[in-house]
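Just so you know, the sequences run in chain order A and B.
Read the first sequence against this note's numbering and you will find it ends at 320, with the numbers running on by one and no gaps.
Read the second sequence against this note's numbering and you will find it ends at 502, with the numbers running on by one and no gaps.
None of these hints come from the bench; they were simulated from the model.
It should be emphasised that the depicted structure is a prediction, and the values quoted were computed from it without experimental measurement.
From the three backbone atoms N, C-alpha and C, an ideal C-beta is built for every residue, glycine too.
Any given hint might turn out to be false.
Taking CB as the label site, the calculated pair distances span [as the list claims (entries may be wrong)]: (1) B:I484 <-> A:G197: 33 to 41 Å; (2) A:R74 <-> B:A103: 22 to 30 Å; (3) A:R74 <-> B:I386: 53 to 61 Å; (4) A:E67 <-> B:L378: 52 to 60 Å; (5) B:G86 <-> A:R74: 35 to 43 Å; (6) B:G86 <-> A:T111: 44 to 52 Å; (7) A:E125 <-> B:M470: 40 to 48 Å; (8) B:Q367 <-> A:G165: 53 to 61 Å.
Listed below are several chain A residues computed to face chain B (Cβ distance under 7 Å; list not exhaustive) [unchecked claim]: (9) R57; (10) S127; (11) A131; (12) R133; (13) N134; (14) R135; (15) F139; (16) Q142; (17) H145; (18) T151; (19) L158; (20) A161; (21) G164; (22) G165; (23) R267.
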Amino acid sequence: MNNMISVRDITRVYHTGEIEVHALRGLSFDIERGEFVAIMGPSGSGKSTLMNLIGCLDTPTTGSYTLDGLPVEQLEMSQLSAVRNRKIGFVFQQFHLLARSTALENVALPLAYRGGIPAAERMARAAESLERVGLGDRMDHRPQQLSGGQQQRVAIARALVTQPALLLADEPTGALDTRTSAEVMDLLTDLNRSGMTVVLVTHEPDVAHSARRLLEIRDGKLMRDVPTAEAWTAHDPHTPHLAPTSGNASPVERARRAGRLPVASRWRKSV
Amino acid sequence: MSTHERPLVRGATKGEREVLPQTSAQAEDELWAGGIGWIETLGMSLASLRANPLRTFLTALGVLIGVASVVALLAIGRGSQAAITASITANGANLLTIRTQGPPGQGGVRGAVGEGGTLTVADATALANPQNVPDASFVSPEYSGNAQIVAGALNMNARVTGALPVYPSLHNNTLAEGVFVSEEDNRAMANVVVLGANVAATLFPNGDGLGQQLRMNGKSFQVIGVLASSGGSGFGSVDDGVIVPLNTAQRKLFGARAAVGGEWSVSTIVVQAASSSQTDAALSEINLLLRQRKNLPEDGSSDTFSVLNQAAILQTVTQTTQMLTLFLSAIAAISLLVGGIGIMNIMLVSVRERTREIGLRKALGAREGDIMLQFLFESLALSGVGGLLGLALGAAIAMLVSQSGVLQAQLSLDAALMALGFALAVGLFFGIAPARNAARLDPIVALRYE
Numbered sequence: 050m051n052n053m054i055s056v057r058d059i060t061r062v063y064h065t066g067e068i069e070v071h072a073l074r075g076l077s078f079d080i081e082r083g084e085f086v087a088i089m090g091p092s093g094s095g096k097s098t099l100m101n102l103i104g105c106l107d108t109p110t111t112g113s114y115t116l117d118g119l120p121v122e123q124l125e126m127s128q129l130s131a132v133r134n135r136k137i138g139f140v141f142q143q144f145h146l147l148a149r150s151t152a153l154e155n156v157a158l159p160l161a162y163r164g165g166i167p168a169a170e171r172m173a174r175a176a177e178s179l180e181r182v183g184l185g186d187r188m189d190h191r192p193q194q195l196s197g198g199q200q201q202r203v204a205i206a207r208a209l210v211t212q213p214a215l216l217l218a219d220e221p222t223g224a225l226d227t228r229t230s231a232e233v234m235d236l237l238t239d240l241n242r243s244g245m246t247v248v249l250v251t252h253e254p255d256v257a258h259s260a261r262r263l264l265e266i267r268d269g270k271l272m273r274d275v276p277t278a279e280a281w282t283a284h285d286p287h288t289p290h291l292a293p294t295s296g297n298a299s300p301v302e303r304a305r306r307a308g309r310l311p312v313a314s315r316w317r318k319s320v
Numbered sequence: 053m054s055t056h057e058r059p060l061v062r063g064a065t066k067g068e069r070e071v072l073p074q075t076s077a078q079a080e081d082e083l084w085a086g087g088i089g090w091i092e093t094l095g096m097s098l099a100s101l102r103a104n105p106l107r108t109f110l111t112a113l114g115v116l117i118g119v120a121s122v123v124a125l126l127a128i129g130r131g132s133q134a135a136i137t138a139s140i141t142a143n144g145a146n147l148l149t150i151r152t153q154g155p156p157g158q159g160g161v162r163g164a165v166g167e168g169g170t171l172t173v174a175d176a177t178a179l180a181n182p183q184n185v186p187d188a189s190f191v192s193p194e195y196s197g198n199a200q201i202v203a204g205a206l207n208m209n210a211r212v213t214g215a216l217p218v219y220p221s222l223h224n225n226t227l228a229e230g231v232f233v234s235e236e237d238n239r240a241m242a243n244v245v246v247l248g249a250n251v252a253a254t255l256f257p258n259g260d261g262l263g264q265q266l267r268m269n270g271k272s273f274q275v276i277g278v279l280a281s282s283g284g285s286g287f288g289s290v291d292d293g294v295i296v297p298l299n300t301a302q303r304k305l306f307g308a309r310a311a312v313g314g315e316w317s318v319s320t321i322v323v324q325a326a327s328s329s330q331t332d333a334a335l336s337e338i339n340l341l342l343r344q345r346k347n348l349p350e351d352g353s354s355d356t357f358s359v360l361n362q363a364a365i366l367q368t369v370t371q372t373t374q375m376l377t378l379f380l381s382a383i384a385a386i387s388l389l390v391g392g393i394g395i396m397n398i399m400l401v402s403v404r405e406r407t408r409e410i411g412l413r414k415a416l417g418a419r420e421g422d423i424m425l426q427f428l429f430e431s432l433a434l435s436g437v438g439g440l441l442g443l444a445l446g447a448a449i450a451m452l453v454s455q456s457g458v459l460q461a462q463l464s465l466d467a468a469l470m471a472l473g474f475a476l477a478v479g480l481f482f483g484i485a486p487a488r489n490a491a492r493l494d495p496i497v498a499l500r501y502e
């Protein structure tokens, strides 16, 4: 069994009062160890829901999800916490660094939640992880003393420090400019080349292009599962949403598919 | 897809990478083990309190004031109780004072002199017999009256007590100078006098009273001793009186009133119980003996004497003071409760403010219990800090009161621990709701919270 992720017929239904929202309508795919996969889709397509499921922040309504051999859909809350801690490294769009802690303390945080590791060893491993992302000289800086790109690299170091099975990046460049985006994507690419399984959720084609495989989600279903090298050969790589099937869409519709217009789609179980 | 092509990312060694995916049963067990320890969690809580010192202080202020007032009030209450006790027991502890008193129902009119109700020296002798009253340690018959005392140009009216040498043993008197009345003085009806501290200071302002002569009721007496001040003020402190031999008082100073049908009467017989736990036993033994001697009914319905139990008075006064102290402390404790509500308020705000941080911690593997504990520790630390500072402030207030000289406040460890414990309980109680709010946050929602 060489699958890191094995998703079978998963659905996710949210209940908002009387209304049922079918965010995922039956997806199946596998991701092997060492793959670099981009999940794309317009807002409301269900890609955020899918990312939450892959990240063990949520469980499917039906279907099965196996992560690194673990049947995630059968796990309890506290077990999901342990899986998140040990198997998954999260990288978020908004970095989510603790503002009052130094880079080193931020990176060491997941090791504290693992438990059983002495503080000195946690700091040593955090320092090692920060050096991996090229921030060995910024360990004592607090987030506001770092640029956006540096903050995201600290977040990546934090994701790596537990030596996770899977790196899950949710719009990792969404809050960065073009140049720092490229730096972050280069880092993720390097990590993948050294063996890390990387799953990237994005709606930016440029970003998705760093991945080697593209899963395109639309309306809670898997639209396409292709190597990125082939994904944009048919048309202009900068307008992937202008697929042949939607050639006659209006500018508003195109913008919406590219995720640039808000769509009333962020249904939540509760707030 | 081939991996491990470029070891560009340092530290990602082959060994580590390849061990992780093996999810054997053993590895799975290892997966569920561990978790953050409480010491680590406490560190996180303290760090977030340190990050906002002013808010932390203001939040703890309510508990601080509550604990300070409880501690100060209890110290002052205990101090005043001790002062009252000291004043009552200044003339001796565990005392039972027997006086004559008409039987009930006579409207306070005392029987005529010479009736069987009078206490006599013989009564005292019988009481002093250990076979009759085994729970008494000392028995002192006393005869008191007032007399005008003249020493040179100075004079004053003072209480004159005729007593036996046993007197200082009961009443805890010590001599500042000279000697006390002796058995010899009593037998010889000697005209000697021992002055109370205040009397000596009034009549002999230069402190040279010892050996001098003074006159009482026209008779000349020699000063053989001066008592040290007992400090007490209640129950006829001996500081304001003088002591002469019992026989001298009965037969020379107040003879006309003291002679009763061939017997010499005494005004009081003071009995000291051997210990505080024996006062009740001594009391019933005294009642029994005196009723026998005076042929009174054993149920005490027509007693011609009364026994004043110092321990009972002390208990009543102590209880009253304690009630008052507790009452005031309870009011102070209300401010502790209000302080707890302040903590809850701030903790609820804090949880709301740190929603995204909570989401992140959950994403990184914090369990519900870990988050709960972190916020509980925060409210406990807030109330603990408030409690400790309150202890310090309360102690300072108590010391200031002592310094001012009004009374000597008594700080006690158990009161301090009780106030601190109550403060921590308040922090725990009011911390539960915010901590549970935090623990139950959905990480997906929390991470997107704006």
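Residue hint A:T151, partner chain B, criterion CB-CB below 7 Å: 11 Å, violated
Supplied distance hint 53 to 61 Å, evaluated on CB atoms of A:R74 and B:I386: Given a distance of about 59 Å, which is inside 53 to 61 Å, the answer is holds.
Status of the given 40 to 48 Å range, CB of B:M470 versus CB of A:E125: 41 Å, holds
Distance restraint evaluation - B:G86, A:R74, Cβ atoms, bounds 35 to 43 Å: Distance hint for B:G86, A:R74 holds at roughly 38 Å.
Interface hint status, A:N134 versus chain B (Cβ within 7 Å): 2 Å, holds
Hint check: 7 Å Cβ-Cβ cutoff, A:R133 to chain B: Result: holds, 5 Å to nearest chain B Cβ.
Hint validity - A:R135 Cβ closer than 7 Å to any chain B Cβ: A:R135 check passes; min Cβ-Cβ to chain B is 6 Å, inside 7 Å.
Hinted contact A:A131 with chain B - closest CB pair below 7 Å: 6 Å, holds
Residue hint A:F139, partner chain B, criterion CB-CB below 7 Å: Since chain B brings a Cβ to about 5 Å from A:F139, closer than 7 Å, the hint holds.
B:G86 versus A:T111 beta-carbon gap, inside 44 to 52 Å or not: Violated, at about 32 Å.
Interface hint status, A:R57 versus chain B (Cβ within 7 Å): Violated. Min distance 18 Å.
Proposed interface contact between A:A161 and chain B, which counts if any beta carbon pair is under 7 Å: 5 Å, holds
Checked against the numbered hints above, the structure violates hints 2, 6, 9, 16, 18, 23; every other hint is satisfied.
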